[in-house]
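K.L.:
The residues making up each chain are set out below.
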Amino acid sequence: MGEIIVITSGKGGVGKTTAAANIGAGLALRGYKAALVDADIGLRNLDVVLGLENRIVYDLVDVAHGHCRLKQALIKDKRFEGLHLLPAAQTKDKTAVKPEQMREICLQLSEEFDYVIIDCPAGIEQGFRNAVAGAEKAIVITTPEVSAVRDADRVIGLLEAAELREPKLVINRLRPKMVRQGNMMNIEDIIDILAVDLLGVIPEDEKIIVTTNKGDPVIQDERSLSGEAFRNITRRILGEPVPLMDLERNGNFFLRLRRMVGLG
Amino acid sequence: MATDPGQVRADPRVRGAEENQTVLIQRTLRSGQSIFYPGNVVVLGDVNPGAQVAATGDVIVVGALRGTVHAGAGGDEAAVVIAFRLEPTQLRIAEHVSRPPAGMVPAGQPEVARVRDGVISIGAFSGAGERQGTVARALVPYDLEAESDSEK
Ligand SMILES: Nc1ncnc2c1ncn2[C@@H]1O[C@H](COP(=O)(O)OP(=O)(O)OP(=O)(O)O)[C@@H](O)[C@H]1O
Ligand SMILES: [Mg+2]
Chain A
1 MGEIIVITSG KGGVGKTTAA ANIGAGLALR GYKAALVDAD IGLRNLDVVL GLENRIVYDL
61 VDVAHGHCRL KQALIKDKRF EGLHLLPAAQ TKDKTAVKPE QMREICLQLS EEFDYVIIDC
121 PAGIEQGFRN AVAGAEKAIV ITTPEVSAVR DADRVIGLLE AAELREPKLV INRLRPKMVR
181 QGNMMNIEDI IDILAVDLLG VIPEDEKIIV TTNKGDPVIQ DERSLSGEAF RNITRRILGE
241 PVPLMDLERN GNFFLRLRRM VGLG
Chain B
265 MATDPGQVRA DPRVRGAEEN QTVLIQRTLR SGQSIFYPGN VVVLGDVNPG AQVAATGDVI
325 VVGALRGTVH AGAGGDEAAV VIAFRLEPTQ LRIAEHVSRP PAGMVPAGQP EVARVRDGVI
385 SIGAFSGAGE RQGTVARALV PYDLEAESDS EK
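Sequences listed follow chains A and B, in order.
The numbering of the first sequence is the numbering used here, which starts it at 1 and goes up by one.
The numbering of the second sequence is the numbering used here, which starts it at 265 and goes up by one.
One or more hints might be untrue.
Said to hold, decoys possible - SDA-like, lysine to any residue: derived pairs with alpha carbons at most 25 Å apart:
hint, chain 1, residue 1, chain 2, residue 2
1, A, Lys11, B, Ser298
2, A, Lys94, A, Lys177
3, A, Lys168, B, Ser298
4, A, Lys168, B, Gly309
5, A, Lys11, B, Gly314
6, A, Lys177, A, Arg154
7, A, Lys168, B, Gly327
Stated by the list, open to error - Pairwise CB distance ranges, derived in the manner of DEER restraints:
hint, chain 1, residue 1, chain 2, residue 2, range
8, A, Ala161, B, Ala388, 33 to 39 Å
9, A, Glu240, B, Arg291, 27 to 33 Å
10, A, Arg79, B, Arg291, 42 to 48 Å
What the hints assert, rightly or not - Every beta carbon over 10 Å from chain A, so not counted as near; a handful from chain B, in silico:
hint, residue
11, Val287
12, Ser295
13, Gly303
14, Gln316
15, Val326
16, Thr332
17, Phe348
18, Met368
19, Ala371
20, Arg380
21, Val383
If you're looking for bench data, these hints aren't it; they were derived computationally from the structure.
Quick reminder that beta carbons are idealized off the backbone N, C-alpha and C, glycines included.
Taking the hints into account, I'd like the entire structure generated from these sequences.
P.N.:
Quick look at the structure:
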């Protein structure tokens with residue numbers, strides 16, 4: 001039986017879909033079978049981020065309502081051996097699926113896949129309840145902003161109430177320079193409030209925007225800091241102890257290096 | 265002379281022991297979570313921003329208090345709020361409402377908030393000796409009706 005992990009945040013736009021795509025690809029690159037489930041019915045994105053939109057025939061709602069078999073709706077990502085996507089429906093809304101149906105689908109997927117990763121919609125309403133219904137573990141994403149941390153805290157409370165204990169935290173879009181200048185919350189501030197284990201920190205990186213627009217997860221980019229951050233997160237999910245990388249030093253080092261070779 | 269039960273009741277150190285019960289909250293209260301209890305509340309964890317605790321008696325937070333707490337919610341002016349790290353969004357005791365002044369630095373030690381001279385003040389908490397202790401800083405009273413801060 002595989003592990004079922006939901007990626008959630010409360011606040012919108014903090015990087016859930018980006019993380020789901022990269023962690024899924026990362027697990028596949030390490031030789032594991034991973035199924036990504038897009039639970040954001042009505043606002044699906046994961047297919048686009050993975051460049052798989054044009055291959056959708058059936059979706060999550062079709063599976064829930066028995067219009068097709070689970071196998072028929074799963075899209076195989078040919079670039080990453082072992083990675084599959086169960087897309088969301090775009091023309092329906094969150095009420096088109098019930099928590100029990102999600103649980104059933106996730107369980108079924110976990111029989112065949114080592115990891116089932118659920119991309120949760122923003123908010124704490126029905127879409128959230130659906131997304132967490134089938135999950136056994138949770139990854140909470142936040143950015144270093146007070147409002148995002150507040151929403152992450154709210155969500156951790158709701159996860160605890162749903163018996164999803166000990167969620168892991170990912171801090172996204174950190175800007176070491178702003179932290180150093182005292183203009184952005186630092187990692188310690190955030191952990192101090194949320195009191196959960198840190199799974200990883202992803203720096204602000206324009207490569208994410210470039211790769212997202214191309215439908216190519218940044219984790220493949222050997223030279224990008226954010227790609228390295230996602231590779232580290234993947235390894236930690238697999239249980240390897242990987243120290244936090246020093247974003248600041250690396251960042252400065254890269255900048256200096258780029259300037260030295262005349263690229264900066 | 266036998267102890268007069270009325271005396272016990274009047275003793276501030278055992279206030280709450282008779283008429284009030286104490287509830288233990290053995291977890292961190294996160295944003296959106298709230299507790300109301302007709303008695304004293306002890307939180308063995310943090311009270312995060314966006315969380316709320318209201319009690320008719322005292323509130324003790326064995327952790328960081330960053331949310332909103334209302335002690336003496338039934339009107340008890342003698343109620344206190346004690347926290348290992350007292351950095352509340354807002355504090356209320358009985359009818360008094362206050363918030364920390366802007367830029368207040370955490371004391372780095374347990375503190376107690378109580379009403380003194382009609383103002384919620386906080387000072388170092390050091391067990392029994394605290395009652396004679398000096399008040400370090402006054403919080404900013406918040407006039408709810410006028411919705412304007414007296415600090416301005
Ligand atoms: N580390 C990063 N550096 C730069 N841009 C980022 C980073 N992480 C995410 N982004 C960008 O932020 C935007 C939102 O990301 P994403 O769609 O993953 O968020 P989400 O949490 O899934 O949003 P929603 O709540 O709408 O589902 C995207 O445009 C993405 O490219
Ligand atoms: Mg998304």
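K.L.:
Look at each hint and say if it fits the structure.
P.N.:
Checked hints:
1. Lys11(A) x Ser298(B): Satisfied, since the Cα-Cα distance of roughly 21 Å is no more than 25 Å.
2. Lys94(A) x Lys177(A): violated, 39 Å
3. Lys168(A) x Ser298(B): At roughly 24 Å apart (the allowed maximum being 25 Å), Ser298(B) and Lys168(A) satisfy the hint.
4. Lys168(A) x Gly309(B): Given pair Lys168(A), Gly309(B) holds - Cα atoms ~19 Å apart, limit 25 Å.
5. Lys11(A) x Gly314(B): The given pair, whose Cα atoms are some 15 Å apart, holds under the 25 Å limit.
6. Lys177(A) x Arg154(A): Violated, because 28 Å separates the two Cα atoms, which is more than 25 Å.
7. Lys168(A) x Gly327(B): holds, 21 Å
8. Ala161(A) x Ala388(B): 33 to 39 Å: holds, 36 Å
9. Glu240(A) x Arg291(B): 27 to 33 Å: Holds: the Cβ-Cβ distance is about 30 Å, inside 27 to 33 Å.
10. Arg79(A) x Arg291(B): 42 to 48 Å: holds, 44 Å
11. Val287: holds, 18 Å
12. Ser295: Per Cβ check, Ser295(B) is inside 10 Å of chain A; nearest 4 Å; violated.
13. Gly303: holds, 23 Å
14. Gln316: holds, 13 Å
15. Val326: holds, 14 Å
16. Thr332: At roughly 13 Å from the nearest Cβ of chain A, Thr332(B) sits farther out than 10 Å, so the non-interface label holds.
17. Phe348: holds, 13 Å
18. Met368: Non-interface label on Met368(B) holds, nearest chain A Cβ at 16 Å vs cutoff 10 Å.
19. Ala371: At roughly 16 Å from the nearest Cβ of chain A, Ala371(B) sits farther out than 10 Å, so the non-interface label holds.
20. Arg380: holds, 30 Å
21. Val383: holds, 28 Å
In terms of the numbered hints stated before, the structure departs from hints 2, 6, 12, listed from lowest to highest.
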